[in-house]
Amino acid sequence: NAGVTQTPKFRVLKTGQSMTLLCAQDMNHEYMYWYRQDPGMGLRLIHYSVGEGTTAKGEVPDGYNVSRLKKQNFLLGLESAAPSQTSVYFCASSYYGASSYNSPLHFGNGTRLTVT
Amino acid sequence: AQSVTQLDSQVPVFEEAPVELRCNYSSSVSVYLFWYVQYPNQGLQLLLKYLSGSTLVESINGFEAEFNKSQTSFHLRKPSVHISDTAEYFCAVSSNTGNQFYFGTGTSLTVIP
Chain A
38 NAGVTQTPKF RVLKTGQSMT LLCAQDMNHE YMYWYRQDPG MGLRLIHYSV GEGTTAKGEV
98 PDGYNVSRLK KQNFLLGLES AAPSQTSVYF CASSYYGASS YNSPLHFGNG TRLTVT
Chain B
873 AQSVTQLDSQ VPVFEEAPVE LRCNYSSSVS VYLFWYVQYP NQGLQLLLKY LSGSTLVESI
933 NGFEAEFNKS QTSFHLRKPS VHISDTAEYF CAVSSNTGNQ FYFGTGTSLT VIP
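Just so you know, the sequences run in chain order A and B.
When we follow this note's numbering, the leftmost residue of the first sequence carries the number 38, and every step to the right adds one.
When we follow this note's numbering, the leftmost residue of the second sequence carries the number 873, and every step to the right adds one.
Chain A with its partners taken away, still in its complex shape (with noise of 0.2 Å):
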């Protein structure tokens, strides 16, 4: 099984540039996340999703947007990127999200994106 699966895997950006990452699932889980990683600040929620057609703000999301247009798939967009940006982007999906008692959550091996 794949299980989930993000793209690209490395990307360089000039500042103000956009672009789309991509994370996939197949495990027909309802709830997926993207999450970055930050030296020292561990990970932070950016946006997440609880259904096909369903989006919702975290902790950390300007500067980010997100669609769910299909339930295996999640894409999160930089709009105009800056160098705060610079992060590891992490996706991650559960079947029945956070509020269930057996519902851990599966990453991708994640996208290291440099903004200069």
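Rather than coming from a laboratory, the hints here were simulated on the basis of the structure.
Careful, some of the hints might be misleading.
[Claimed, not checked] Here are the in silico distance ranges between beta carbons for each label pair: (1) 132/A to 890/B: 32 to 38 Å; (2) 912/B to 81/A: 47 to 53 Å; (3) 928/B to 64/A: 26 to 32 Å.
[Unchecked claim] Heads up, incomplete: computed chain A residues facing chain B, CB under 7 Å, no partners named: (4) 53; (5) 57; (6) 76; (7) 79; (8) 80; (9) 125; (10) 127; (11) 133; (12) 136.
[Stated by the list, open to error] Here are some chain B residues the structure puts well away from chain A; computed CB gaps all over 10 Å: (13) 880; (14) 889; (15) 914; (16) 933; (17) 947; (18) 958; (19) 964.
Quantities reported herein were computed from a predicted structural model and do not represent experimental measurements.
Ideal placement from N, C-alpha and C gives every residue a C-beta, glycine not left out.
Go by the hints and put chain B onto chain A.
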């Protein structure tokens, strides 16, 4: 919102020695607790989880964690570490009243030969 505190950012330990990675959370509601492990250049993988029942939870590779409700802690332990345990470890919490998982800042475990 809940918060998770991992008290040690880096833990060096000699091979075959015991280790404890500390995790405290703040919540007054029923919580679900998780430990994830991240090997270099990889995503996070679930190590173990506490949902309910026995306060001691074990994983398949020798780690265990104990849920202590009075101290709001979920410390991770292993009696004898291996070189292959070198990784970043994250404690996480969720609850039956929210949509989010909350992560600690991580503990980097380095096993020294």
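Here is how each hint holds up against the structure:
1. Our hint of 32 to 38 Å for residue 132/A and residue 890/B holds, since their Cβ atoms are close to 35 Å apart.
2. A beta carbon spacing of about 21 Å between residue 912/B and residue 81/A contradicts the range 47 to 53 Å that was offered as a hint.
3. The hint said 26 to 32 Å for the Cβ distance between residue 928/B and residue 64/A, and at roughly 29 Å that hint holds.
4. Given hint, residue 53/A at the interface with chain B, is violated; its Cβ is 28 Å from that chain's nearest Cβ, farther than 7 Å.
5. Evaluation of the residue 57/A hint against chain B yields a violated restraint, the C-beta minimum of about 19 Å exceeding 7 Å.
6. Hint status for residue 76/A relative to chain B: violated, with the closest Cβ pair at about 9 Å, above 7 Å.
7. The beta carbon of residue 79/A comes within 4 Å of a beta carbon in chain B, closer than 7 Å, and the hint placing it at the interface holds.
8. Contact between residue 80/A and chain B, as hinted, is supported at the beta carbon level, the nearest pair being about 4 Å apart and thus within 7 Å.
9. Contact between residue 125/A and chain B, as hinted, is not supported at the beta carbon level, the nearest pair being about 9 Å apart and thus beyond 7 Å.
10. At its closest, the beta carbon of residue 127/A sits 6 Å from a beta carbon of chain B; the interface hint therefore holds under the 7 Å criterion.
11. Because the beta carbon of residue 133/A sits about 11 Å from the nearest beta carbon in chain B, more than 7 Å, this interface hint is broken.
12. Here the hint on residue 136/A is kept, as its CB sits about 5 Å from the closest CB of chain B, short of 7 Å.
13. With a minimum CB-CB distance of about 13 Å to chain A, residue 880/B clears the 10 Å threshold, and the non-interface call stands.
14. Annotated as non-interface, residue 889/B keeps its C-beta farther than 10 Å from every C-beta of chain A; the closest such distance is 26 Å.
15. Separation of residue 914/B from chain A is inadequate, the least Cβ-Cβ distance of about 6 Å not exceeding the 10 Å criterion.
16. At roughly 16 Å from the closest C-beta of chain A, the C-beta of residue 933/B stays outside 10 Å, upholding its exclusion from the interface.
17. For residue 947/B, the non-interface assignment is confirmed: its Cβ lies about 17 Å from the closest Cβ of chain A, beyond the 10 Å cut-off.
18. No beta-carbon of chain A comes within 10 Å of the beta-carbon of residue 958/B; the shortest separation is about 17 Å.
19. The non-interface label for residue 964/B is inconsistent with chain A: the shortest C-beta to C-beta separation is roughly 8 Å, within 10 Å.
Comparing the model with each earlier hint shows violations of hints 2, 4, 5, 6, 9, 11, 15 and 19; every other hint is respected.
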